[in-house]
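Enquirer: Residues per chain are reported as follows:
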Amino acid sequence: MWRFPLIPEQASTMALSVDMLTIFLLIVTAFFSLLIAGLIVFFAVKYRPSNKTVNREGAPDSHLLLEIIWTGIPLAIVIVIFFWGTGVFYQLRTMPADAVQMHVIGKQWMWKIQHPEGQREINALHIPVNKAIQLTMISEDVIHDFSIPAFRVKQDVLPGRYTKLWFQATKVGRYHIFCDQYCGTLHASMIGEVVVMEPKDYAAWISKGAFPTESGASSAQPTPASAGEELFTKMGCSSCHIGTGEGRAPSLVGLYGKKVVLSNKQTVTADDEYLRESILKPAAKVVAGYEPIMPLFQGQLTEENVLELIQYIKSLKGTSDAIAR
Amino acid sequence: MQSLDNTESYLGSEFNLKSWLLTFDHKRIGILYLLTVTFFFLMGGIGAMLIRLELLTPQADILQAEMYNRTFTLHGVTMVFFFMIPSIPAIFGNFFLPMMIGARDVAFPRLNLTSYYLLLGGGLFALAAILLGGVDTGWTFYTPYSSTYSNSNVILMGLGIFIAGFSSILTGLNFIVTIHKMRAPGMTWFRLPLFVWAHYATAVIQVLGTPVIAITILLLAVERGLHFGIFDPKLGGDPLLFQHLFWFYSHPAVYIMVLPGMGVVSEIIACFSRKKIFGYSFIAASSFAIALLGFFVWGHHLFLSGQSVYAGVVFSFITFLVAIPSAIKVFNWIATLYKGKIYLKTPMLYALGFIGLFTIGGLTGVMLGTLGIDAHVHDTYFIVAHFHYVMVGGTIMAYLAAIHFWWPKMTNRMYPEFFGKLSALLVFVGFNLTFFPQFILGYLGMPRRYHVYPPEFQVLNVFSSAGASILAVGFTLPLFYLLGSLVWGKKAGRNPWGATGLEWQTASPPPTLNFDKTPLVTEEPYEYHGEDMPNE
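Protein chains in written order, with our numbering: chain A, 1 to 325; chain B, 1001 to 1536.
Don't take every hint at face value.
Claimed, not checked - Result set (SDA-like, lysine to any residue): computed pairs, CA atoms no more than 25 Å apart in a straight line:
1. B:Lys1234 x A:Lys52
2. B:Lys1491 x B:Ile1383
3. B:Lys1421 x A:Ser33
4. A:Lys107 x B:Val1452
5. A:Lys314 x A:His241
6. A:Lys52 x B:Gly1498
7. A:Lys164 x B:Lys1421
It should be emphasised that the hints constitute simulated quantities derived from the structure, not laboratory data.
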């Protein structure tokens, strides 16, 4: 109650850039607001009807030069703002290459988080300080929005499509996670906490296993990639996607991130979005040289399952010319 | 003389329910709108008070989640679709636009009455949706929540908005034709009052934009009712498609709400400065620049929605361009004050309040149009504060300015000046106390549409709720003294402000056919030359 902050804590590498931009705009806003309010008050007092001594002669009712000036100056200012603001946004939207990959699944009304080491959390996100984190996010139902004010970042989380968000925490501490996109009855309860830790504390936390609690470790949890491998066999994927692609289906070894030529001669990059679609609706994009014989997996896999399969495919390093022919 | 005016006036010519409910007189239709729209304003206001009461404390007290969501939806839908959009055009546009151009009525009087009943009909559907339990989607109806998940009267409410939309389209159409075809002899394009120019620009948006929201609601109803996959990815749809369609109308709709207010301010600033308006043609043209550019900025509502970064960049740039014509208007109004003779009567206080608050609303809009800042404050209280500065600080201030300015003409009664100024002061102070803290709350990260919030946000929320109680007094005061003035008010006469517009050259209240004989216009508008205001 006694502390009265005007800005949230600056706890990420982007926080200062966003705040500097805001401060510049606040100065512009304050300047023009005060100028206009000041002129209104000044004129209202000076030109009050009872003031008979003031000179009211010779006021023009148009003035081209003035119109040009007060068109030109705001235009120049907004162009500066445009480039600055776009620059900051570009940084916010450019994913660092070396970021730790984590997954977020939003559903009414909770955040499910998956660490690459296998840990899962609900409404909490433990991360190491000074390390870039990239979140790949998807919703199971309606649109949500993953927001961390202390990091000055947010991104809508959509059903049926991945969105991404990155940040790098600079300060150890606990910060709010809010759902910022109205998502139904308990929208206001779809909140959580980012826990930024020293690297050694984070390592200790990670080593406690799945659903780590304050009291100690719980059972070990497979990494998403190994869970994906298990699914790959269980769902029967492995019966066709074998070897280097001489079978009924293209090989998946080294596929991730490569260009793929489709049967309609188009080329797409095998990213998360493409893999997700090709698992759930395989007929949408068929690789050149193969028949559209893969069954639909829509409705049979959860969003977690799909993410695990993608992690498994991603883990299949190596080269295969059958894919990118 | 006075009694002669009264027998002929639009109020007294025939006095029974049927003559009012089936009237083709644009002035009576204006009064019908006034009554209907005031009802929805009060309803939306009650919603606002409940919201502010609930937000006094961090916990859920008087409203639980479900009720809170229905309350802010009620507030948003009624205020936007049934108060703000019809307010100035349907009441004052209807009443005064024909008079300002020296016409007897609008071009299509029957269509005008039809428009009124469309709004009323739409309003009744919305009211039914609310009375049957309400809607919990927010006024934005984002899919797939509204189409698949919400368990509330979405289709009924959508139908209400759908129907009311046609009221807006037909009113706009009527105004365009009226302005083109019904001008009195000598009323050339550049002798039109700026109120008329502003309504022309508004009408263009109404006619071109509103059909899109009708289509959008229809698609929403088709997906919700028939499970056709349009917006829900589970059914094969695209949730962002809805947002594009929705904001393609709803962003220009902001200008439907604010442009007529700007027209009101232009009238009042000139009259109460006793000076010709500065930069007439720039103010007129900037209305059209706003209307045109307003159609190409909808994507700034989608910067963080998953829309491509490059689309965001383009929308950000065009958004900045809209700031320019708005700035031009403000500077021209200020220049009008220079060397004027400034009478701070109630309408003028509201009009000056409009300029100050709209400036803050507009500049914070520039902040939100800045990609790097929106990435932090989108969907927080910052945005709530911003659009209330534009909608309440702008549109409602102009609406109150208009009602005080033209009340003497509509009723031949003067409102009590002291109470008028008091209400203007209360509205200004209450408004700033309500919404200024919300900018800070938003930057601190408080999301919108939360009925419970972390305790560190409480102090600012208490300020905001305290301000809302002052604002409520400021808004209800005019209701009482304006009604009281009908009984106790001084007779106003033809032209209590010594104003130049044609509407002031006829009797108060105006006769059914507006003018004894068709006026002949021989000069530009706003021929004020520093003369004293009458009765001063």
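Enquirer: Decide, hint by hint, whether the structure agrees.
Expert: So, going through the hints one by one against the coordinates:
1. With a CA separation close to 74 Å, the supplied pair B:Lys1234 and A:Lys52 exceeds the 25 Å bound.
2. For the hint pairing B:Lys1491 with B:Ile1383, the CA-to-CA distance comes to about 44 Å; that exceeds 25 Å, so the pair is violated.
3. Straight-line distance between C-alpha atoms of B:Lys1421 and A:Ser33 comes to about 23 Å, which keeps the hinted pair within the 25 Å bound.
4. Distance check on the hinted pair: A:Lys107 and B:Val1452 sit about 19 Å apart at the alpha-carbon level, within 25 Å; holds.
5. Pair hint A:Lys314 plus A:His241 holds up; C-alpha atoms about 14 Å apart against a cutoff of 25 Å.
6. For a cut-off of 25 Å, the pair hint linking A:Lys52 to B:Gly1498 stands: about 19 Å separates their Cα positions.
7. Using a Cα cut-off of 25 Å, the hinted pair A:Lys164 and B:Lys1421 is violated, with the two alpha carbons roughly 53 Å apart.
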